[in-house]
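Enquirer: Here is what each chain is made of, one letter per residue.
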Amino acid sequence: MVSEAVIWSIFLLPLGSFMFAALVVRPLFNRYSLISGLATIGALGTALGLSIWTLRSAILGHHLEFEPLKWLEVGDATIEIGLLVDPLTALMLVVVTGVSLLVQIYSLGYMKGDPSFSRYYAYMSLFTAAMLGLVMSSNIIQLYMFWELVGVSSYLLIGFWHERPSAAAAAKKAFIITRIGDVGFLIAILYLFTQAETFSAAGLNAFHIPDIWMAAQAEAAAGAIIGGTALTWLALGIFAGAAGKSGQFPLHTWLPDAMEGPTPVSALIHAATMVAAGVFLVARFFPVFEHSIDAMTVVALVGAFTAVFAASMGLVMNDIKRVMAYSTVSQLGYMMAALGLGLYAPAIFHLVTHAAFKALLFLGAGSVNHATGTFDMRYMGGLRKVMPVTYVLMFIAGLSLVGIIPLAGFWSKDEILLGAWDGTGLVDTWVNRVTFFSLIVGVVATAFYTMRMIILTFHGEFRGGIDKEIEDRSSDAADDTNHSAHGGIHLHESPLVMILPMLVLGVITVVIGYIANPQWVDEFGIPKHWITAFLSDGLAEAKNAIGHHETLEFSRGMALVSTLAALLGIGLAVLVYLKRRRLVSDILVLVKPVHILLTQKYYMDYLYENLMVRKWFYRVFAGTLDWLEKNIIDGTVDLVGWFFRNIGTAIGKFQTGQVQTYATVIAFAVLAIILALLLVD
Amino acid sequence: MSVHDFYVLSPYIAMAGAALLIILLDLALPKKGLLPYLTFAALAGPLLMSVIQVIDLGNATSLLEGSDAFASTEPSILLGVLSVDRFALFFNFLIIGSVALVALASADYMKNMARFQGEYFALILFAATGMMLLAAATELITIYVSLELTTLPMAALTVFLMNSRSSEAGIKFLIIGAVSSALMLYGMALVFGFTGSTELAVISEAVGKATGDLPFGNYALFVGIILMIAGFGFKLSAAPFQMWVPDVYEGGPTPVIGFLSVASKAAAFAIVIRVFFTGFFDVALDWGILIAGIAAASMVIGNLVAISQSNIRRLFGYSTISHAGYILVGVAAGVKSGESIFKVPEFAPIGLDSVLFYLVAYAAANLTAFFAITIISSKIKSDQISDYTGLSARNPVLAILLALSLLALIGVPPTGIFIAKLYVFTAAVDSGLVWLAILGVINSAVSAYYYVRIIRVMFIQPSRDGEKITASPAPWLALWVAGSAMVFMGIAPGFVMEAAQSAVEALPV
Chain P
1 MVSEAVIWSI FLLPLGSFMF AALVVRPLFN RYSLISGLAT IGALGTALGL SIWTLRSAIL
61 GHHLEFEPLK WLEVGDATIE IGLLVDPLTA LMLVVVTGVS LLVQIYSLGY MKGDPSFSRY
121 YAYMSLFTAA MLGLVMSSNI IQLYMFWELV GVSSYLLIGF WHERPSAAAA AKKAFIITRI
181 GDVGFLIAIL YLFTQAETFS AAGLNAFHIP DIWMAAQAEA AAGAIIGGTA LTWLALGIFA
241 GAAGKSGQFP LHTWLPDAME GPTPVSALIH AATMVAAGVF LVARFFPVFE HSIDAMTVVA
301 LVGAFTAVFA ASMGLVMNDI KRVMAYSTVS QLGYMMAALG LGLYAPAIFH LVTHAAFKAL
361 LFLGAGSVNH ATGTFDMRYM GGLRKVMPVT YVLMFIAGLS LVGIIPLAGF WSKDEILLGA
421 WDGTGLVDTW VNRVTFFSLI VGVVATAFYT MRMIILTFHG EFRGGIDKEI EDRSSDAADD
481 TNHSAHGGIH LHESPLVMIL PMLVLGVITV VIGYIANPQW VDEFGIPKHW ITAFLSDGLA
541 EAKNAIGHHE TLEFSRGMAL VSTLAALLGI GLAVLVYLKR RRLVSDILVL VKPVHILLTQ
601 KYYMDYLYEN LMVRKWFYRV FAGTLDWLEK NIIDGTVDLV GWFFRNIGTA IGKFQTGQVQ
661 TYATVIAFAV LAIILALLLV D
Chain V
1 MSVHDFYVLS PYIAMAGAAL LIILLDLALP KKGLLPYLTF AALAGPLLMS VIQVIDLGNA
61 TSLLEGSDAF ASTEPSILLG VLSVDRFALF FNFLIIGSVA LVALASADYM KNMARFQGEY
121 FALILFAATG MMLLAAATEL ITIYVSLELT TLPMAALTVF LMNSRSSEAG IKFLIIGAVS
181 SALMLYGMAL VFGFTGSTEL AVISEAVGKA TGDLPFGNYA LFVGIILMIA GFGFKLSAAP
241 FQMWVPDVYE GGPTPVIGFL SVASKAAAFA IVIRVFFTGF FDVALDWGIL IAGIAAASMV
301 IGNLVAISQS NIRRLFGYST ISHAGYILVG VAAGVKSGES IFKVPEFAPI GLDSVLFYLV
361 AYAAANLTAF FAITIISSKI KSDQISDYTG LSARNPVLAI LLALSLLALI GVPPTGIFIA
421 KLYVFTAAVD SGLVWLAILG VINSAVSAYY YVRIIRVMFI QPSRDGEKIT ASPAPWLALW
481 VAGSAMVFMG IAPGFVMEAA QSAVEALPV
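Chains as they are written, first to last, in the numbering used here: chain P, 1 to 681; chain V, 1 to 509.
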């Protein structure tokens with residue numbers, strides 16, 4: 001069994017490497033900035049070992065409950081700091097330290113030669129420490145503090161290349177939009193403060209997370225302390241915070257812009273861990289959410305809508321990282337939808353698998369960028385010949401994202417779809433149905449944009465990379481954003497230090513699906529439905545109920561449906577992108593006699609892509625969504641900003657600088673107060 | 001006046017004595033550069049006496065003879081006029097600490113003061129004397145005199161830059177200060193007319209007997225209290241009495257403005273709490289809602305107007321208005337409407353605990369910001385936010401400290417103001433002011449917009465002028481102390497919180 005000190009050191013190790021990099025290496029030995037990288041990797045390697053030990057302890061069913069420390073007393077409320085290590089936390093610890101470790105190793109290559117190498121590792125360590133603190137918090141206020149700290153470090157990392165105005169703007173957008181969601185979260189916490197007395201009367205602490213779970217249980221000794229409408233609003237407040245962090249509609253706009261940060265940052269923070277913190281938060285308070293059908297319905301529908309909405313945007317992006325960003329938003333939508341339907345274990349399982357394959361995809365994008373200098377897929381192409389390893393790995397990760405058997409993504413997505421179809425009885429049937437069909441449509445879209453991305457990047461002919469991009473840009477002249485310049489073109493495979501972490505993630509992507517083990521009994525030493533059982537037992541323990549986990553039996557029918565949906569998307573992408581390119585190259589080679597025929601075919605292809613896909617599908621469907629995004633959502637955000645700025649200016653008009661005016665205002669203010677009080681009375 | 005009375009007054013005498021000492025030394029001293037350090041050293045006197053008094057006080061309520069702990073002795077002539085209790089001593093430490101840091105931070109800046117450097121430090125010390133007295137005063141005339149003792153030196157300090165902006169700011173401060181004083185004096189006269197006394201203890205008894213059907217029970221009290229609120233509103237820089245703030249913040253010397261925004265504001269809150277909670281508590285339900293309204297107006301106006309500011313000091317002027325609003329939320333939360341059928345106000349100490357805690361946390365964060373701005377502005381000779389570009393390259397540590405203080409002012413953990421805001425809003429919710437707490441939370445989110453903008457400017461492209469920004473060790477020390485306090489209070493708030501709680505317990509509500 002692990003001791004308290006071990007779990008604390010998982011958090012303290014990256015914190016130590018942050019301090020070491022920020023306070024020792026950067027000011028004193030900045031010439032040897034490699035030390036910060038190695039120190040971070042060492043700290044994270046140790047933390048990963050300890051996390052695995054913790055997970056093992058949790059799997060063995062050790063009772064990991066520790067007495068919290070008293071931190072503050074505010075009125076009736078006692079705020080504590082402590083550890084909450086349940087299966088969810090244990091799993092998250094391994095995911096965060098594992099992905100973080102691999103990303104830090106990769107960064108040794110990717111960030112090589114960057115003048116701010118130490119600063120980069122300092123921020124990355126700070127982020128990892130904050131994220132680990134977040135998942136192990138036993139107290140909602142402690143959790144909130146790490147929640148904000150995670151936001152701050154994400155802000156620092158998005159704006160890491162702060163000499164680019166677009167990066168600084170993206171960082172600010174991310175910080176502010178997530179804070180809009182946090183208003184809801186903070187109000188939920190304030191509500192708990194009002195209930196502190198009631199809680200302590202029942203022998204509970206209003207901020208201790210297991211006590212909050214307890215308070216929501218109708219079966220609890222004193223009856224539900226929080227229930228009814230209050231519980232719904234509490235849950236929705238928490239969900240608002242979660243939606244902001246996890247980029248759920250309508251707070252998703254910051255995530256694609258956040259791609260301005262270095263690519264390994266996108267892999268760690270904006271794909272695998274931080275954006276999943278919202279999902280984690282809802283999962284953490286799942287025993288509260290499940291007592292409110294309304295809240296669950298909202299979570300499910302927002303998640304389902306986000307899944308389709310974001311995937312449709314992914315279809316039209318030319319920037320490889322933006323395709324992935326929308327894909328991340330969409331996949332987070334899957335997880336949220338699953339939680340909303342009551343599929344606790346499948347949602348977290350998908351979080352885990354997604355962390356692996358999406359991190360791999362991002363690292364692959366970084367590798368591609370390393371070779372071509374650009375992120376624009378229009379200037380890539382043909383890379384499979386020069387970067388075979390990256391190609392194979394990204395292909396595997398892509399198929400996993402699409403959900404092709406037997407890769408990780410298949411198993412987790414399948415459980416969600418199966419659960420959505422079967423229904424869990426926690427929400428109305430129509431919600432189940434709507435969610436299911438949205439998610440299936442999402443699968444088709446996912447398959448399409450993933451294949452499009454792979455084909456445009458790796459197949460066909462190389463289309464010039466950053467040099468061509470700059471050339472085209474300068475002919476455009478107007479557009480001079482320099483957002484993707486990272487080195488020049490050197491078309492070859494990335495260095496070993498970058499390839500190795502990708503290989504590890506690739507292996508994980510292939511094998512991790514089997515922890516679900518839906519098909520076989522006790523093979524490979526993994527019990528049937530292991531992950532579901534592990535997580536559900538943790539949840540059941542939280543509710544003081546006897547371990548009853550609803551396992552979803554593997555269904556061949558559902559596997560067929562989801563595979564067909566995926567193949568449909570892949571087929572469309574292949575038809576549109578791969579086939580046409582081959583024909584275009586044929587035209588170049590063949591002589592006139594066959595030309596007409598080919599033109600005919602080309603014409604059909606042209607018709608197919610331009611009229612059907614581009615004109616009809618893109619322009620009408622995706623275009624509408626894009627328009628909505630640009631005009632309605634961004635417009636609303638801008639309008640709110642505009643409104644506040646102008647109100648501010650209008651009030652500022654009173655500020656004439658005339659001291660007489662000021663005195664007059666005071667006099668009138670006094671009169672107004674007197675009159676107002678008299679009238680009110 | 002007995003010897004014991006002199007002992008009771010010793011921190012105040014020591015502070016005023018320090019001011020006189022600085023003036024004398026200024027005459028004799030050939031090297032003016034030593035003045036900030038001498039000022040810093042001279043604070044040992046008031047600090048030592050305050051420490052002795054805290055120890056001496058123990059668990060008693062007041063140091064004065066004739067009060068509870070000393071009931072057997074001849075009553076002191078100060079009884080009813082001053083109350084040197086834990087509440088007053090809490091503010092002594094806050095004010096002395098702020099003065100010490102401001103003196104150090106002025107080491108480079110005071111070269112702008114030409115030949116008036118001695119007067120500069122002496123006036124700061126005189127203002128501090130007034131502030132300390134204000135925190136202890138329990139009688140209207142004493143309050144008025146102490147208030148003027150803080151306002152007049154501050155007005156003089158505002159014009160110290162001797163340029164047109166600075167002079168304009170000083171005149172505005174003086175005139176609006178005078179108008180506010182006049183309103184307050186008139187209010188005090190009305191209250192005296194109704195209650196027949198200027199001592200808060202006696203006033204408190206008489207106020208309870210006002211049973212009219214209108215707000216505050218009586219017209220004299222009604223108008224009197226509102227006029228007093230207007231007078232205090234000026235010192236608190238709360239809306240709608242805030243109009244002078246941006247002009248003065250823009251024109252005055254930066255360290256002075258930092259001092260004004262922290263110590264002067266703290267003293268004003270001390271006296272508002274003292275007067276309203278120990279003098280007018282029986283009509284608390286009437287002024288409670290008024291304070292809540294002023295809090296709401298201050299938060300909204302401060303944050304909204306701050307968004308469109310381009311001058312950093314003007315922006316901080318509006319920022320300080322909004323923070324006055326947050327702190328007033330805590331004051332309003334000190335009153336709970338009782339549960340009996342007669343609506344009797346109930347005292348909720350947690351509201352005032354949160355106010356005291358917030359004041360210390362705000363002092364740390366705001367002083368950090370102002371010290372950083374002082375160092376920057378004396379180098380780049382500009383207060384335009386747009387001129388802060390590339391600060392991260394010109395002095396990364398400075399840029400990071402300023403950025404941290406801005407995050408602190410938003411209320412991002414782990415800084416003191418995060419805890420303070422949580423504390424204040426909790427108190428508000430606890431006292432049934434849920435709308436005010438929610439408004440406060442929303443305002444905090446809005447404020448992120450303009451604070452983050454500064455951070456963004458600092459970390460964008462290199463500035464036109466790549467010259468490093470440097471400062472001598474004293475301002476750096478002040479900056480580091482304030483910055484560390486700001487973070488420390490976010491991680492281990494227990495000490496200040498307990499001090500605040502024990503200070504509030506000393507109030508005879």
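Read the hints as simulated data drawn from the structure, not as lab findings. Values in this document were obtained by computation on a predicted structure and should not be read as measured data. Even for Gly, the Cβ is constructed at its ideal location relative to N, Cα and C. Treat the hints with caution; some may be incorrect.
Claimed, not checked - Chain P is faced by these chain V residues, among others (derived, beta-carbon under 7 Å):
| no. | residue |
| --- | --- |
| 1 | 44 |
| 2 | 178 |
| 3 | 179 |
| 4 | 182 |
| 5 | 244 |
| 6 | 435 |
| 7 | 437 |
| 8 | 439 |
| 9 | 452 |
| 10 | 456 |
Stated by the list, open to error - Computed spacing ranges between beta-carbons, pair by pair:
| no. | chain 1 | residue 1 | chain 2 | residue 2 | range |
| --- | --- | --- | --- | --- | --- |
| 11 | P | 16 | V | 48 | 48 to 58 Å |
| 12 | V | 116 | P | 5 | 37 to 47 Å |
| 13 | P | 56 | V | 58 | 12 to 22 Å |
| 14 | P | 29 | V | 467 | 18 to 28 Å |
| 15 | V | 60 | P | 198 | 32 to 42 Å |
Enquirer: All hints, please: hold or fail.
Expert: Hints versus structure:
With its C-beta approaching chain P no nearer than about 32 Å, residue 44(V) sits outside the 7 Å limit, and its interface hint is violated. The restraint placing residue 178(V) at the interface with chain P is violated, with a minimum CB-CB distance near 9 Å, outside the 7 Å limit. A hinted interface residue such as residue 179(V) counts as satisfied when its beta carbon comes closer than 7 Å to some beta carbon of chain P; here the least separation is about 5 Å, so the hint holds. Interface hint status for residue 182(V): violated, as the beta-carbon distance to the closest one in chain P is roughly 10 Å, over 7 Å.
Taking 7 Å as the C-beta cut-off, the interface hint given for residue 244(V) holds, the closest approach to chain P being about 6 Å. A least Cβ separation of about 11 Å between residue 435(V) and chain P goes past the 7 Å threshold, and the interface hint is therefore violated. For residue 437(V), the shortest C-beta to C-beta distance to chain P is roughly 6 Å, which falls under 7 Å, so the interface hint holds. Against a cut-off of 7 Å between C-beta atoms, the interface hint on residue 439(V) is violated, since the closest Cβ of chain P lies about 11 Å away.
Given hint, residue 452(V) at the interface with chain P, holds; its Cβ is 5 Å from that chain's nearest Cβ, closer than 7 Å. A least Cβ separation of about 5 Å between residue 456(V) and chain P falls short of the 7 Å threshold, and the interface hint therefore holds. At roughly 40 Å, the beta-carbon separation of residue 16(P) and residue 48(V) lies outside the given 48 to 58 Å, and the hint is violated. With their beta carbons about 59 Å apart, residue 116(V) and residue 5(P) fall outside the hinted range of 37 to 47 Å.
Taking 12 to 22 Å as the suggested C-beta distance range, the pair residue 56(P) and residue 58(V) does not conform, at roughly 55 Å. At about 25 Å, the CB distance of residue 29(P) to residue 467(V) agrees with the hint of 18 to 28 Å. Distance hint for residue 60(V) and residue 198(P): a CB-CB separation of about 37 Å, consistent with the stated range 32 to 42 Å.
Figure legend: structure checked against the earlier numbered hints; hints not met, in rising order: 1, 2, 4, 6, 8, 11, 12 and 13.
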